[in-house]
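Undergrad: Sequence:
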Amino acid sequence: MIEIPSDLHKDLVPLAFLLGNWAGAGVHDFPGSQKCNFGQEVAFTHDGRDFLEYRSHTWVLDNDGNKVRPLESEHGFWRIDADRKVEVTMTRDDGVIEIWYGELADKKPQIDLVTDTVARTAGSSPYTGGQRLYGYVKSDLMWVGEKQTPEVELRPYMSAHLKKVVTPEEVERWAKALPDDLPDDGIAFFK
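Every number in the numbering used here is 22 more than the matching position in the sequence shown, counting from 1.
Any given hint could turn out to be false.
Subject to a maximum C-alpha distance of 20 Å in a straight line, what follows is the list of computed SDA-like cross-link-like pairs (lysine to any residue) [stated by the list, open to error]: (1) 169 to 55; (2) 130 to 96; (3) 32 to 130; (4) 130 to 108; (5) 169 to 82; (6) 107 to 172; (7) 89 to 108.
Simulated from the structure, these hints should not be mistaken for laboratory data.
Make the full structure from the sequences, and use the hints.
TA: Shown next, in the form of structure tokens:
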């Protein structure tokens with residue numbers, strides 16, 4: 023269910039499907055790195071201004087699904103204009119700063135992004151750009167990222183399937199919003 027907070031800046035309504043805390047897992051595979059499964063936590067928040075704040079933390083998972091070590095962390099800001107053009111500024115823990123541009127698909131919650139600008143610190147890994155696709159599918163957030171370096175052409179390197187994290191406060195709020203006339207046996211509710 024997509025909720026639109028009453029204090030969300032009006033320009034951000036098309037991005038409301040991103041809001042919240044998400045968690046899940048995915049696969050990382052890029053030449054020069056060990057292929058691995060990873061866990062991910064993502065948060066899209068807002069404070070009433072005309073941007074969403076974005077934070078992502080990923081970590082390598084062992085074969086039993088336990089955290090092994092951090093993989094990547096990102097922090098950024100997402101904006102959208104009246105023509106559904108999306109702009110993202112992002113900083114990564116490895117010393118890369120990016121500006122991404124893209125657009126929200128017509129009539130569906132899907133965003134395609136491409137890097138416009140990449141700045142790197144002297145200690146960061148080689149990186150020249152990327153593409154990302156985010157989609158809201160059956161109440162889940164899915165994404166795939168592609169990247170390129172001077173040595174490797176643009177290719178997929180990470181993808182994940184994330185579920186919305188529901189807090190006890192959200193469950194309580196939803197429960198209070200249920201109609202008073204629900205069937206007592208629960209079965210009749212589905213008839």
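Undergrad: Confirm or reject each hint.
TA: Results of checking the hints against the structure:
1. 169 to 55: Satisfied, since the Cα-Cα distance of roughly 13 Å is no more than 20 Å.
2. 130 to 96: With a Cα-Cα distance of about 25 Å, the restraint between residue 130 and residue 96 is violated, given a limit of 20 Å.
3. 32 to 130: Status holds; Cα separation ~18 Å.
4. 130 to 108: Within the cut-off at roughly 14 Å; holds.
5. 169 to 82: Satisfied, since the Cα-Cα distance of roughly 19 Å is no more than 20 Å.
6. 107 to 172: Roughly 28 Å between the alpha carbons, so the hint for residue 107 and residue 172 is violated.
7. 89 to 108: violated (33 Å)
Hints 2, 6, 7 from the earlier list are contradicted by this structure; the remaining hints agree with it.
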